[in-house]
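Please build the complete structure, drawing on both the sequences and the hints.
Residue numbers (the numbering used here): 1499 to 2032.
There's no promise every hint is true.
Stated by the list, open to error - DSS-like, lysine-lysine: derived pairs with alpha carbons at most 30 Å apart:
#1 Lys-1911 to Lys-2020
#2 Lys-1972 to Lys-2020
#3 Lys-1779 to Lys-1741
#4 Lys-1741 to Lys-1799
#5 Lys-1786 to Lys-1688
#6 Lys-2020 to Lys-1806
#7 Lys-1976 to Lys-1808
#8 Lys-1882 to Lys-1916
#9 Lys-1858 to Lys-1976
#10 Lys-1806 to Lys-1976
#11 Lys-1883 to Lys-1858
#12 Lys-1920 to Lys-1883
#13 Lys-1833 to Lys-1769
#14 Lys-1741 to Lys-1769
#15 Lys-1882 to Lys-1920
#16 Lys-1972 to Lys-1806
#17 Lys-1799 to Lys-1976
#18 Lys-1920 to Lys-2020
#19 Lys-1733 to Lys-1786
#20 Lys-1779 to Lys-1733
Please keep in mind that the hints were generated in silico from the structure rather than gathered at the bench.
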Amino acid sequence: MSAEDISGLRNRIRALILFRVLFVTLFFSSSYFFGVFERVPSAGSFVYLVIAFYGSSVVYFISLRIVRNLVAFAYFQLVLDVFFEIALIYLTGGIESSFSYTLVLTILASSIVLNRQAGYVIATLSSAAYGTLLSLQFEGIVPVVSPSFAKGKDYLYNFFLHIISFYLIAMLSGYLSSRLEKTTKKLAEKDLDLRELEFFSQEVVESLPSGLMTTDSSGTVQLFNRSAERITGMKRADIVGGKIDAVMPFLRVPLPEGRMEETLPLGGVHKIIGLGISVFKGADETTKGYIVIFQDLTEWKRLEAAMKQKEKWAAIGELSSNIAHEIRNPLASLKSSIEILKEDTVPKNYKERLMEIALKEMSRLDRIIKDFLTYSRPIPPAYKKFDLHELLDDTVELLRNLDQKRDNIVIRKRYDGKAEVKADPQKMQQVFWNLGLNALEAMPHGGTLDVATLYEGRNLLITFEDTGTGIEEKQIEKIFYPFYTTKDEGTGLGLAIAYRIMEEQGGTITVQSVPGIGTTFKVILPVKNETTKG
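Take a look at the structure:
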């Protein structure tokens, strides 16, 4: 038997002793009040019996602290109680006694204090003792006067009823006791699990790196974890029970849901606090309180600003390097041509060729500068409503007429209904022209270009899908960078400008490509309520 079981049994025995004292007290008082002593032939013996009850209870209580075999000790008490009760029944008339119910109480007590088996043992002992008393009374061996109306079958009937009652009570009380014991064990296990879960939850809450604060619906703080103390520099004892604005003055009930960033002045230092606020609702969907999770973003913001500054200077450096590279080549050609022309030692026809080279390089320089200005200083878009499909038709027609000698390229169109959009038509045509031109240049040996539109939710998708050479995976992430190109004569600004234009329009461009299979550029244009689908 475990220490917990021994402690439980000791407590039940103690409760039995106290119940016995209480019962005897009530029994003695009520018997004296209702004059039971006057109707008992041997009132003195009755008094002695009550004294014996009290005395035995005192002995039991004293012995409980030193007895080791508690089960035997409990059985001893229960058996002695049965004999005390038989004596009581004997003194109050035997078969006529109204106190035979006390045996039932002992049977109940045995099942509760010990177990179901003890209930049956005490029920058997009670039946044997009660049957013996009735037999002795019927035979006239004990000095108890039998009632004149009682016959042998009356004794048997009375005995039979009591036996049934005793065993029925033992069975029911034993069943209830065993169920109670099992339920108690389950509750103890659940209680242990709940305590462990509570401890675990508390440890998790306290170990969170983020500050955690909960409030009721009125904004009274109920929970404030260790990280919250560290971030705010405030003690939990000073915060719990107070209002949330004492911690974060910018919060007012009802708290707004979602994420936000606020500045919190703490000890002369302004900390940037990132908060996530959720509403805690009950089963009836009413607001029970708020959950606030927050972090100190001050250092992170400082590092982010420093990183952005480094990225900015790195981008400027790379852009400057690309510009210098793009300008250096035509300048070198111009310098060489002018130096040769200055010497005036070359034939006339070669002079003309040098002049053509110089003019071509000047045009190339002019195009580079114009494209760079378009990218770096974009003109604000001039929004107006227009039919996007008509704009695509014009672009496709220009692409077909670009090189009429090439008849090995097929351009197909597939439109989804009508597409009246509100955007800058000139800028959108520039985007479509750059994408279409890239697609044609990616198919030097011919192929197919599919131009299509499709609605996806609140977006209009315009796709340019070619069957050209494709783009390597390592190049895809760079194709929208300024001055990045794999062509011999390209400036590397076409796709960068197209991407910048789509950002201005609130959209974007994505690309998917499989080398040797083809490339798909997808222009995603938010349509809101300005676009109608036919």
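Hints and how they fare:
no.: 1; hint: Lys-1911 to Lys-2020; verdict: holds, 15 Å
no.: 2; hint: Lys-1972 to Lys-2020; verdict: holds, 19 Å
no.: 3; hint: Lys-1779 to Lys-1741; verdict: holds, 19 Å
no.: 4; hint: Lys-1741 to Lys-1799; verdict: holds, 28 Å
no.: 5; hint: Lys-1786 to Lys-1688; verdict: holds, 27 Å
no.: 6; hint: Lys-2020 to Lys-1806; verdict: holds, 29 Å
no.: 7; hint: Lys-1976 to Lys-1808; verdict: holds, 19 Å
no.: 8; hint: Lys-1882 to Lys-1916; verdict: holds, 16 Å
no.: 9; hint: Lys-1858 to Lys-1976; verdict: holds, 28 Å
no.: 10; hint: Lys-1806 to Lys-1976; verdict: holds, 19 Å
no.: 11; hint: Lys-1883 to Lys-1858; verdict: violated, 39 Å
no.: 12; hint: Lys-1920 to Lys-1883; verdict: holds, 4 Å
no.: 13; hint: Lys-1833 to Lys-1769; verdict: violated, 58 Å
no.: 14; hint: Lys-1741 to Lys-1769; verdict: holds, 20 Å
no.: 15; hint: Lys-1882 to Lys-1920; verdict: holds, 5 Å
no.: 16; hint: Lys-1972 to Lys-1806; verdict: holds, 24 Å
no.: 17; hint: Lys-1799 to Lys-1976; verdict: holds, 27 Å
no.: 18; hint: Lys-1920 to Lys-2020; verdict: holds, 19 Å
no.: 19; hint: Lys-1733 to Lys-1786; verdict: holds, 25 Å
no.: 20; hint: Lys-1779 to Lys-1733; verdict: holds, 28 Å
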